[in-house]
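Q: Each chain, written out:
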Amino acid sequence: MTKMKLLNIARWLVVLLLIIYMIVSCAGNRTSKADPAAVSKAVLSAAALSHTQEADAQMVKRLYGVDPAEYESVVLQYPATNMDAEELLLVKLRDVSQQEALLAAANARIDTQKTSFDGYGPAQYALLTEHCIIEARGNYFLLVVSSNAQAAKEAFEKAL
Amino acid sequence: MSFHQLLFPFVFLPVSLVLFGVLPGKAKKYSLLLCSLIFIAWGNPGDLVLLIGSALFNYASGLELWQFRRRGANRRAKTVLVTSIAVNLLFLGFFKYFNFAVENLNALFHVSLGRNPMTAPIGISFFTFSALSFLLDVYRGVGTVPKNPVDFILYITFFPKLTSGPILQYSAWESQISSLSLQREKVEGGARLFVMGLAKKLLLANTLALPFQAISALPGDALTALSAWIGALTYTFMLYFDFSGYSDMASGVSLMFGIVTPKNFKYPYRAVSVTDFWRRWHVSLGAWFRDYVYIPLGGSRQGNAITLRNTMVVWLLTGIWHGANWTFVVWGLLHGVMIVIEKFLLKKPLSKVPNVLRAVLTFLGVVVGWVFFFSPSLSSAVQFLKAMCFRQAAADATAFYYLRGSWLLLLVAGIGATPLLHRVGVALRKQRVRWYFPALAISFCLLLALCIAAMVSDTYTSFLYAQF
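If you read the protein sequences in the order shown, they are chains D and P. Just so we're aligned, residue 1 is where the first sequence starts under our numbering, counting upward by one. Just so we're aligned, residue 1 is where the second sequence starts under our numbering, counting upward by one.
With the rest of the complex left out, here is chain D (with noise of 0.2 Å):
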């Protein structure tokens, strides 16, 4: 066999691998057709957060900087004081690669209370470092910052 010919196996090789690849990730990221709203009954009543308000879009902006008007669904409970730091996001995205831009909004909130917090909240700062579950599932999004967050978690799986 010319090297020529090798060299020609060898790029649809890579193209054939990179479909492979493609194909196992499209199907451990698949998109849900579940209706934001009954997620959304179903974590929220899992995580059962009783030191939180409900955000407006406005709030969303402020404490994660992005736009709720992105995406198809966003509902944010945040801390109802400034000495709490339970929290759940749940969002629907409208574009699977909104995803991103999300993970790293959610990251950067989660460092912000943590500084907050961090040296003298030690009860919020546990509860930040160890009950705190970001989860990205295809087109639904889900923070949550709970002693409940693995019943939410659950909750979210299931209900998607």
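Check before you lean on any hint, since a few could be wrong.
With a Cα cut of at most 27 Å, we get these calculated BS3-like pairs of lysine-lysine [stated by the list, open to error]:
{"no.": "1", "chain 1": "D", "residue 1": "114", "chain 2": "D", "residue 2": "153"}
{"no.": "2", "chain 1": "P", "residue 1": "147", "chain 2": "D", "residue 2": "5"}
{"no.": "3", "chain 1": "P", "residue 1": "96", "chain 2": "D", "residue 2": "5"}
{"no.": "4", "chain 1": "P", "residue 1": "430", "chain 2": "D", "residue 2": "3"}
Hints in this document: simulated from the structure, not taken from any laboratory.
Given the coordinates of chain D, assemble chain P onto it according to the supplied hints.
A: Chain P alone, transformed into the frame defined by chain D:
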């Protein structure tokens, strides 16, 4: 990882520079590649597979192309070029346009086709254009294929330019990669550019984002002419400082590693025509379309009809490149139409108009274009434009509230978008004013301190152009 998060300027960049500086000769490029791969994997490790896979495919295609060209087998070289371009465009299309096509097909034929659930790899539009530049340069004989695939993989993955450019054409990269070194002047120049970019993003763009976000969140029928104009103007300057800030940071970091990138912004809002605007705005993208689409299609040397067709093709592609939404298509075509009007229909009358008035007209055209750019749909863009054209109320208490809060900011942004400060600096330097350099150093330190404060206190805001 983003340039304006504390981790980048205080951990990632210094570590990368030290590694680059201490390693000898050829090892420098391996350290750059390692840092680039870490940068990519930081956001999503899966992107590494896609980027390296794409780079290997393009490298193998380039080798095959080069061999066929060397042997004079031009037809086979052309086949390799066409199939390679097709694979790159299909790859880009799958991640960027597939869902847009599915949405339109579902709406048009009342079907429910499945969407692509994968996240697009970081900088897909930019690295695809870099790969196409490599293939086309090799095919045209302008570039050669490096013996070491690492040189090419580094060209595709080089972290300063990966996310949002500037798009460095392969021929320009090739001439610089062979002699990498850490030079004090370049590190200093790069650091200055980086701080300037950081200040543009954190101090101006992020501040301008506040009134814009508030106004864009208003329901369409609550917009007044005044609030719509404030919204459009704050977005106009926000986008400039956001993207030119990013470009300054990317060019600055590249320069620290000895790679010179093209200047991406040349005070675009003082342009005296839309053609002039595109010589000043996102220059590397304009140059890419000029060199790889407009000129190969025949440019402007084959009569008015062909020039008209080529212009509209380039602007349609420019619009589509920016995003999978009809708003971007309309925005691109609008710029194409404005260019056609000023080149063909109003060329003579416009040449008699004073430059100041032409600059004002161009600026207004660009602002109108941005309304399509930032609107989530065509209908909301039209409603926003209606408000700007006084088809709704002229002003209300909310609009005056935003005016009071943003007029000074808009004034500062307007001055910052002109070369005024740069000219003052040049004049002072020419006159050898004794306090110039100490004052410059203090100014940069102050800017850096303000940026650090903003980085510490800010919530995360992504770069606007990263989404493209």
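Q: Has the given pair, residue 114(D) with residue 153(D), been kept, meaning a C-alpha gap of at most 27 Å?
A: Distance ~21 Å between residue 114(D) and residue 153(D) Cα, so the pair holds.
Q: Between residue 96(P) and residue 5(D), is the straight-line Cα distance small enough, at 27 Å or below?
A: Since the Cα atoms of residue 96(P) and residue 5(D) sit roughly 32 Å apart, the hinted pair is violated (cutoff 27 Å).
Q: Taken at face value, is the distance from the CA of residue 3(D) to the CA of residue 430(P) at most 27 Å?
A: Status violated; Cα separation ~60 Å.
Q: Please work out if residue 147(P) and residue 5(D) have their alpha carbons no farther apart than 27 Å.
A: This hinted pair holds, its Cα atoms lying about 18 Å apart.
Violated hints, listed in ascending order, are 3 and 4; each of the other numbered hints is respected by the structure.
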